[in-house]
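Number of protein chains: 2
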Amino acid sequence: MIELDFDKQGGLVPAIAQDHATGEVLMLAYMNRESFELTLRTGIAHYWSRSRNQLWKKGETSGNIQEVIEVRIDCDSDTVLLRIRQIGGAACHTGRRSCFYRVVENGGIREEEE
Amino acid sequence: MIELDFDKQGGLVPAIAQDHATGEVLMLAYMNRESFELTLRTGIAHYWSRSRNQLWKKGETSGNIQEVIEVRIDCDSDTVLLRIRQIGGAACHTGRRSCFYRVVENGGIREEEE
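Top line first, the protein sequences correspond to chains A and B. Note that the numbering used here has the first sequence beginning at 6, numbered continuously upward. Note that the numbering used here has the second sequence beginning at 6, numbered continuously upward.
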């Protein structure tokens, strides 16, 4: 039995999605217990959408689902790390590979080209 | 001016620390505005400790500070990605390199050897 600490954030834990092949960090989203268990059971990443307040199978509408290669949990059981294969090549809703395409530089932000 | 969305989580945003050389995800912690600005200004990772409820210069007591190589922000400005050099080789309070040393396997947890 795998017990996560869902109490610190009102039933949610942050989950980092990392490309299993390149190590690139693609996105961070949140999971409740149901989405965590669905992710383990199906091998497809499921999150909890805080904006829509509902279960979110990543890529359900876009087709850009995430196949889970490995699931890790941190030392105090309040964060999940998913090592995934990103179908469609884009984790970000902007169509970019990663959500972390903005680099802080010289007090401003530079958008990285892909 | 770099504006993060601190409102979603009561003044905090999650910050992922990733080894700049290997891509390994080392830990996740939280930042308030002060720790984010201190991190940018000093080039050393500062977080907000939720358990101690105070500013937390990572490694202040252990010496395992984090030199920041690059700071990234995600598409909706509510998550920070730090690409860092981990002094002392251990980000985790257990002495391990990464906090994510527990792998979910066959319905249980396997602790990864370093």
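Any given hint might turn out to be false.
[What the hints assert, rightly or not] 30 Å max Cα-Cα, derived BS3-like pairs, lysine-lysine:
id, chain 1, residue 1, chain 2, residue 2
1, B, Lys13, B, Lys62
2, A, Lys62, B, Lys62
3, A, Lys13, A, Lys62
4, B, Lys13, A, Lys13
5, B, Lys62, A, Lys13
These are calculated hints, taken from the structure and not from any lab test.
Hint check results:
no.	hint	result
1	B:Lys13 / B:Lys62	holds, 23 Å
2	A:Lys62 / B:Lys62	violated, 36 Å
3	A:Lys13 / A:Lys62	holds, 23 Å
4	B:Lys13 / A:Lys13	holds, 14 Å
5	B:Lys62 / A:Lys13	holds, 21 Å
In summary, the structure is inconsistent with hint 2 from the numbered list given earlier, while agreeing with all the others.
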